[in-house]
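*Asks:* Take the given structure of chain A and dock chain B to it, following the hints.
Protein sequences, first through last, are from chains A and B. Quick note on numbering: my numbering labels position 302 of the first sequence as 318, and the sequence is numbered without any gaps. Quick note on numbering: my numbering labels position 490 of the second sequence as 506, and the sequence is numbered without any gaps.
Bear in mind the hints are in silico, worked out from the structure with no lab data behind them. Please note that a few of the clues may not be correct.
In silico lysine-lysine, BS3-like type, Cα no more than 27 Å apart, as pairs [claimed, not checked]:
{"no.": "1", "chain 1": "A", "residue 1": "K275", "chain 2": "B", "residue 2": "K275"}
{"no.": "2", "chain 1": "B", "residue 1": "K213", "chain 2": "B", "residue 2": "K400"}
{"no.": "3", "chain 1": "A", "residue 1": "K400", "chain 2": "B", "residue 2": "K400"}
{"no.": "4", "chain 1": "A", "residue 1": "K138", "chain 2": "A", "residue 2": "K164"}
{"no.": "5", "chain 1": "A", "residue 1": "K400", "chain 2": "A", "residue 2": "K213"}
{"no.": "6", "chain 1": "A", "residue 1": "K225", "chain 2": "A", "residue 2": "K164"}
{"no.": "7", "chain 1": "B", "residue 1": "K225", "chain 2": "B", "residue 2": "K213"}
{"no.": "8", "chain 1": "A", "residue 1": "K235", "chain 2": "A", "residue 2": "K169"}
{"no.": "9", "chain 1": "A", "residue 1": "K213", "chain 2": "B", "residue 2": "K275"}
So you can see what is in the structure, the chains are spelled out below.
Protein chains: 2
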Amino acid sequence: MADKIFRVNMTDLSTSIEDVPAEWAGHGGRGLTSTIVAAEVPPTCHPLGPNNKLVFAPGLLSGTTASNSGRISAGAKSPLTGTIKEANAGGTSAQKLARIGCKALIIEGQPQDDSWYSISLKPGEITISKEEKLVGKGNFAVVEDVEKRFSDKIGVISIGQGGEMQMAAANISIKDPDSHIRSLGRGGLGAVMGSKKIKFIALDSGDAKVEIADPEAFKAANKTFTKALVDHPVSQALGTYGTNVLVNIINEAGGLPTKNFSQGQFEGHEQISGETMHDLIVERGGKPKHGCHAGCVIQCSQIYNDIKGNYKTSGIEYESIWAMGADCTIDNLDQIAEMDHILDDIGLDTIETAVAFGVAMEAGVLAFGDSNEMIRIMTEEIAKGSPLGRVIGNGAGNVGRTYGITRVPVVKNQAIPAYDPRAIKGIGVTYATSTQGADHTMGYTIATEILGVGGKADPLSKEGQVELSRNLQIATAAIDSTGMCLFIAFAALDDSTCLPSLIDMINARFGINLTANDVTNLGMTILKTEHAFNTAAGFTNLDDRLPEFFEIEPVTPHNAVWDFTGEEIDTFWNF
Amino acid sequence: MADKIFRVNMTDLSTSIEDVPAEWAGHGGRGLTSTIVAAEVPPTCHPLGPNNKLVFAPGLLSGTTASNSGRISAGAKSPLTGTIKEANAGGTSAQKLARIGCKALIIEGQPQDDSWYSISLKPGEITISKEEKLVGKGNFAVVEDVEKRFSDKIGVISIGQGGEMQMAAANISIKDPDSHIRSLGRGGLGAVMGSKKIKFIALDSGDAKVEIADPEAFKAANKTFTKALVDHPVSQALGTYGTNVLVNIINEAGGLPTKNFSQGQFEGHEQISGETMHDLIVERGGKPKHGCHAGCVIQCSQIYNDIKGNYKTSGIEYESIWAMGADCTIDNLDQIAEMDHILDDIGLDTIETAVAFGVAMEAGVLAFGDSNEMIRIMTEEIAKGSPLGRVIGNGAGNVGRTYGITRVPVVKNQAIPAYDPRAIKGIGVTYATSTQGADHTMGYTIATEILGVGGKADPLSKEGQVELSRNLQIATAAIDSTGMCLFIAFAALDDSTCLPSLIDMINARFGINLTANDVTNLGMTILKTEHAFNTAAGFTNLDDRLPEFFEIEPVTPHNAVWDFTGEEIDTFWNF
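Here chain A stands alone, though its shape is the one from the complex:
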């Protein structure tokens, strides 16, 4: 049976299962969510009002046996940035959705009363149910309860208290193979789900499978693709140390934003580094290597146990550790892991929330380095929706406005992540020009600037950085459409067999004949679709700028400032 569009209207609680319009057929993941949002959401609507829509889509290869193809995308107009937004995550939902035969789930409208609901999907079936029991609960309780109601094989998409309270830092949680949490992290999509009064979505694919047009060709291509992935040295480092291998590397480069972006190196970097974390995990009987979804061959995730050897958190990323660590000057991994777990449960983006804490520390709300107070605020204030909790839960920009702070590291109101753009300039181009606010994953120039993947670029020089960011942003938009993890990009940039075999898999899946050029064009089309939405929402090239403080405050150790002119940045869109 051909894949369908599943549509849910929360105003009148109606549902429909529709044929896929021809113009959406070639899209998946981010390409599809952005295409649908651009087609159906009025760009100037209020993100939390009835005219916004929340769209979920598995990638083109999700649900197949293709390595690393288990990413699910969600899209909407973002309540954090006001731009179009796509966020993606691992877990089990992409594969379930694809096997259900759901090319995209579109949730529109808004209940007129205060009732809460859940949605469940099966092949050919959508059910909306009232939900009372889980309202006010965290994501872990939701997953546990939903598994009891259905089965432990059920896919779960949920929001915690953050999403219920429509906080702009709220993420959407995706159950992973161990019934833990992965996050559609950025842009506040959890608030959009909360505005539609949906506590969780249960996905039951039963025994359904994805159809492959040419199974033999698919299998052969997947073999080549998988070898390219596992052979790349960055894949191997990620498998050993996780993304947190970057703490020491970025600190060495002088680009580890510290103490709310007032320094480029953190004295306590060794205590929170990937190497230290690896040894601690091994010592406590955790897993240093772990996949966030079935079929992952890189396995950058991990199981982090507490000092007694009990599970504490999993999939703790470099960016989360940096944000709660260096940016808030906290050098205690156990405290960071505890906070990571709490934020997973409340359902808040670790980057946005921790950077918001950094700004709150700058404002004197709490002291830099006071992780006990951070934990108290998370559990006593944010989870309970106190005024301070709301201020922080609505992100770094909101804290800055509320406390009259000028050193607020955001672009389009989204917190800047773990790489200082003064010392690593290419990533600053990505922050500035991304269609979705500051986001390193939109065009990860760190690969080339710092890791030497796909060529070399001097992080302290402006030369070639706009082009580098542009090429990576185009490629990323395409990769984000396949259901592939972004970390295939390291192999794709260095191994000439990687990208062709990925394209071969897409062709074998659908019985089509995409070329490498088609894929590049897809990436460009997605960026332009997103950019056009933002323009129609009122954004201009003047929004493609970093905050003023990066231009007027040099950062140690290089004493570098952000020195791109607006004109230079604006050449990004020359394609």
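*Replies:* Structure of chain B alone, referenced to chain A:
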């Protein structure tokens, strides 16, 4: 001696007194502040950072004997709206500044440490002093103390705790002839003054006088002008009931925004009306008629006493009474007067703050109608900078973002004042297109739509409203440059002797030959200068829109929605 530019640099604490550049010579008041801000402030700078400047300017006729010429303008990039901003007020400062020979006071830079300062001006002299004693104090304590240090004749410009904490609703206070407070209310200019660490500015003009080129012609023109003012029926109504005469009128028109803009009429309107207030003031031995500055012949201000006959507040405006009254569903004038007094002391815009309370009530932070809790929050939370106090003190938009509310009545993040744009459409055009966010005083179409001054327009019809708003916005920009109170506009629209005599006074003051055409051109030039600044700051025509809820929620009693298209609104700038 020719008027000079007084300049203060707060980064290095240097001062200078400079000749007026030729291109600034013909400007005063708003025309001058906007011209200087546009010339010297980078449009994309952070409003609270060192690159913003705060400019004060008396009007062209301030300091003379011209009736109603005592308005002072302040300008900067607004921390509330991000646009260029001008606010003006009565009191004694315009006259003092003009007599000191200060055409404009420009305050730039920002101290590098946490010290606070005061500035004092005399003819030919600027002094910067460290200030410790008054930091943390409200405006009434500041005025009392500064008068003791200097004399009770001193002019005082100050900020309360709101400005110190750089709240975006913070205003700048101007001492009036009775040592009470007038406010440069909107746009958060108090936060800019706070960011420059200036607690107060003392103005000592001694015996200095403004020079008049042709005293006889001036005197004759002023006589004609004054007669036009005092003869107009609206001037007379304003003198009897104050601006609060409007409560019953606007309620009758179905345009009195009630319960956070969810209704167009307020059940308790009679209890808070101008008629009720007039009787109460008389009964308690207050003054129903009172001028906010020497030379005012309209006298729309009043002295409001408490039930024991002691002074409570003065100059309580219709918009303040509406905001704390109908919008928060409070029908008790004594409670409203108490809040007006508290906000004067803390130094917060009554419109922005009360509309923020309305949104907070919508969010469930406190109940609609709970004035005791409002007073508690003002004194215990806002004045002390608690998280909730900061949330509300940063305005209605900030409350909306922090609590995920969609019914947030703001344009360019500034609270919409006391006239519902669905039921009184012309004023909606002004809210949408004003260069400074929602502000009724920028183009007061109520005059024509509701009061029948300067012609007639059906408030429920779109016809002619864009043109009406445009003409009034152009005229207002010119009037705001003269030092005249906006309320001369009623006479100017209906009495053919009013405007020529005003122009005659300007010509007699400076020995020049302005025509009516020149004045219209001045208004247009000011609007275009302000608009160009905003465009360079990143604003587009898509910012000239009302919030979505006005389009999708009809308001009682007319069940009207906001139905202007974007294209219709954009014709405003066709001049």
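*Asks:* Now tell me, hint by hint, if it's right for this structure.
*Replies:* Evaluation of the provided hints:
1. Taking the CA atoms of K275 of chain A and K275 of chain B, the gap is near 43 Å; set against the 27 Å cutoff, the hint is violated.
2. Restraint check: the Cα-Cα separation between K213 of chain B and K400 of chain B comes to about 18 Å, which is no more than 27 Å; the hinted pair holds.
3. A threshold of 27 Å between alpha carbons decides the hint, and for K400 of chain A with K400 of chain B the separation of about 23 Å falls inside it, so the pair holds.
4. About 17 Å separates the Cα atoms of K138 of chain A and K164 of chain A, which keeps this hinted pair within 27 Å; it holds.
5. A threshold of 27 Å between alpha carbons decides the hint, and for K400 of chain A with K213 of chain A the separation of about 18 Å falls inside it, so the pair holds.
6. For the given pair, K225 of chain A sits about 24 Å from K164 of chain A by alpha-carbon distance, which is consistent with the 27 Å threshold.
7. Under the criterion of a C-alpha separation no larger than 27 Å, the hint pairing K225 of chain B with K213 of chain B is inconsistent with the structure, at around 31 Å.
8. As the CA atoms of K235 of chain A and K169 of chain A are separated by approximately 26 Å, the hinted pair is consistent with the 27 Å bound.
9. Taking the CA atoms of K213 of chain A and K275 of chain B, the gap is near 24 Å; set against the 27 Å cutoff, the hint holds.
The structure fails hints 1 and 7 (numbered hints given earlier, in ascending order).
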